[in-house]
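Once you've looked at the hints, dock chain F against the given chain Y.
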Amino acid sequence: MLSVKNLKASIDGTEILKGIDLDVKAGEVHAIMGPNGSGKSTLAQVIAGRDTYEVTAGSVTYQGKDLLELPPEQRAREGIFLAFQYPVEIPGVNNTYFLKAALNATRKHRGLEELDAMDFLALVREKLKVIHLDEDLLHRPVNAGFSGGEKKRNEIFQMAVLSPKLAVLDETDSGLDIDALRTVAKGVNSLRSKDNAIVVVTHYQRLLEYIVPDHVHVLADGRVVRSGGRELALELEKEGYSWVETQAAGPAKTRG
Amino acid sequence: MSRVMAPPPTATDFEALHRLLADRGPDWIREFRAGARAQFVIQGLPHHRMEAWRQTHIAPIAGGRFEPSNTLPEVSGGGDGVWTGRLHEAPEEIQATARRRLGALAGQEGHPFTALNGSLLNEVTLIVLPQGAAAGDLVTIRHTAGPGNSLNVPRTLILAGDGAAGSIVESYEGPGPEGGSFTTAVTEIDCGENTDLKYYRIQREGPGSFHIGRVQARVGPGGKLYTAGITLGAALDRVDAGVTLDGEGASCEMDGLFLTDGVRHVDNRTRIEHAVPNCRSRQVYKGILSDRSTAVFVGRVIVRPGAQATDADQSNPNLLLSDDATVYTRPQLEIYADDVRCTHGATVGQLDADALFYLRSRGIDPDEAGRLLVKGFAGEILDRIEIPSLRTQLEFEVAGKLPVTSGTEG
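Top to bottom, those sequences are chains Y and F. One gets our numbering by counting positions in the first sequence from 1 and adding 777 to each. One gets our numbering by counting positions in the second sequence from 1 and adding 384 to each.
Hints are computed from structural coordinates only; laboratory data are not their basis. Mixed in with the good hints, there may be bad ones.
[Stated by the list, open to error] Heads up, simulated DSSO-like pairs for lysine-lysine below, C-alpha to C-alpha not over 30 Å straight-line:
#, chain 1, residue 1, chain 2, residue 2
1, Y, Lys-877, F, Lys-759
2, F, Lys-608, Y, Lys-885
3, Y, Lys-885, Y, Lys-906
4, F, Lys-785, Y, Lys-904
5, F, Lys-759, Y, Lys-1015
6, Y, Lys-904, Y, Lys-885
7, Y, Lys-782, Y, Lys-842
8, Y, Lys-802, Y, Lys-904
9, F, Lys-785, Y, Lys-877
10, Y, Lys-963, Y, Lys-906
11, Y, Lys-928, F, Lys-759
12, Y, Lys-877, Y, Lys-782
For clarity, every value in this text was computed on a predicted model and none was experimentally measured.
Isolated chain Y (complex conformation) (with noise of 0.2 Å):
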């Protein structure tokens, strides 16, 4: 689904990811974890998108497309989603407008007719419940106002709502009490299935006992370091990350 080739981004002349590959097949979930600054979330800015990043070389290519090529409205569309680390507050822009635009733009570009005001209302109440969300949070301008955990939930929520077939969650665990936790992981799991895949991005193990990674990949200083199983996590967990650095500069050791 996903293939990473070789990827090389910089920011301001400083190159932050240096040479990234990644496979993310259908079905699959994997885990990116690696210490503060080594660029996980930069990856997950590139894969959605973000121009304030300049790819210098290597190759992203998603359902036989490439996808560097697309500006991110149409990333969105082609099914990618990114949960936002820092999840942007939009005062004056009511949550319910936003995500009836976003869905019908989808549907319109995946030739499905658009929802009107009742089916739309249904499902988002339907995904709504998932989440353990307020349907009082539909009339609120979007995340203004919102607790760091509602701002998260409400990625979690957007994302049950436009069901993306690869899913980016960049540090969603980050700020979240474990009741909290435990809803994420409950709506990210429910979109799990043979044709999805989803990529965790994480500096810690904890939501990982929740959403039960396939692969686990680390990142140290730009590359990726190691990529084992799950059992990579739960080593990363007791030794910490310390280990990584030291690793960085060498060659890495993929899963192939």
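Same frame as chain Y, but now just chain F:
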């Protein structure tokens, strides 16, 4: 060495127009015009060497030939006991009160256009909310500028008796796209004790018109005044809006929203006077500028000696949608008391790149994302309009005026 500066010559002979009216109407209105005319002769039209007019050049007004218009405002609505209409048609006791109050709030000194309005005064629209009047039907006053190069001098007097509540919408419209009208409008609002008044002023004149406005209000003890000044039209717009908080516990909230495009120019001057202790004021004026348009916001807050426990907030956020648009923003705080809380802030910015990316990452077109953000910016003001039909209408008009914005580069 001092130099007496003659007022610049005007292409319209305002003096002759005043003389044409000299014999018309009852004594009191003739005296009122004569007094205003004397003030106008002393002051003349302002020019850009004067501090208050440095950023707003009125050359097109001084150089234009304007013909007096005789269009009358349409007034409707009002609840039980509310008097609305033309002053000279009011019952004698109401007329007597109104005559005494006319001109009492909107002083002419330093306001040459207020003097000009007075010197050419013809009709006065009068709204009287009697003592204790409950909020009834919305009152609407609709001024339509005459066609072509018309000269319009609308004058409105709003009197709210003690304990009265109500909402008033005053709008300025016309002429069509070809018109180059000039309007000099004055509205005075006198709110008694414990009043609760909402006043909406909408300027949606044609693209070639020149609009100079003045709003001056007084709020008595415990009274609440909310004003919204929405500027959508005219080639040149200047509005001086002042409120005096004149009794303890009085408060005012002033909202403003102005949209400019092309080479249009909008100048908003607010002046809030805290005359007594324990009053609260809040101002939020928001600007959305595109193309090569310009805007000015000067917000003055005056805290008089002894006006302790004053609480005053002012903000002027501006959104620039073009590199060629310019906004001048300046707070002016004059504080003569020591126990006060006054805040002010102005921002000038472009569309937030993070917010644009966020919307696009959800599949929304860059143009639509830009429009949503601008609508959201305006929405903070429009959402506070409590009259659903007016809010919907304004949302529609504002959306129609928004340029197709960009988030497309890169």
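Outcome of the hint check:
no., hint, verdict
1, Y:Lys-877 <-> F:Lys-759, "holds (16 Å)"
2, F:Lys-608 <-> Y:Lys-885, "violated (49 Å)"
3, Y:Lys-885 <-> Y:Lys-906, "holds (26 Å)"
4, F:Lys-785 <-> Y:Lys-904, "violated (36 Å)"
5, F:Lys-759 <-> Y:Lys-1015, "violated (50 Å)"
6, Y:Lys-904 <-> Y:Lys-885, "holds (21 Å)"
7, Y:Lys-782 <-> Y:Lys-842, "holds (14 Å)"
8, Y:Lys-802 <-> Y:Lys-904, "holds (26 Å)"
9, F:Lys-785 <-> Y:Lys-877, "holds (23 Å)"
10, Y:Lys-963 <-> Y:Lys-906, "holds (11 Å)"
11, Y:Lys-928 <-> F:Lys-759, "holds (22 Å)"
12, Y:Lys-877 <-> Y:Lys-782, "violated (35 Å)"
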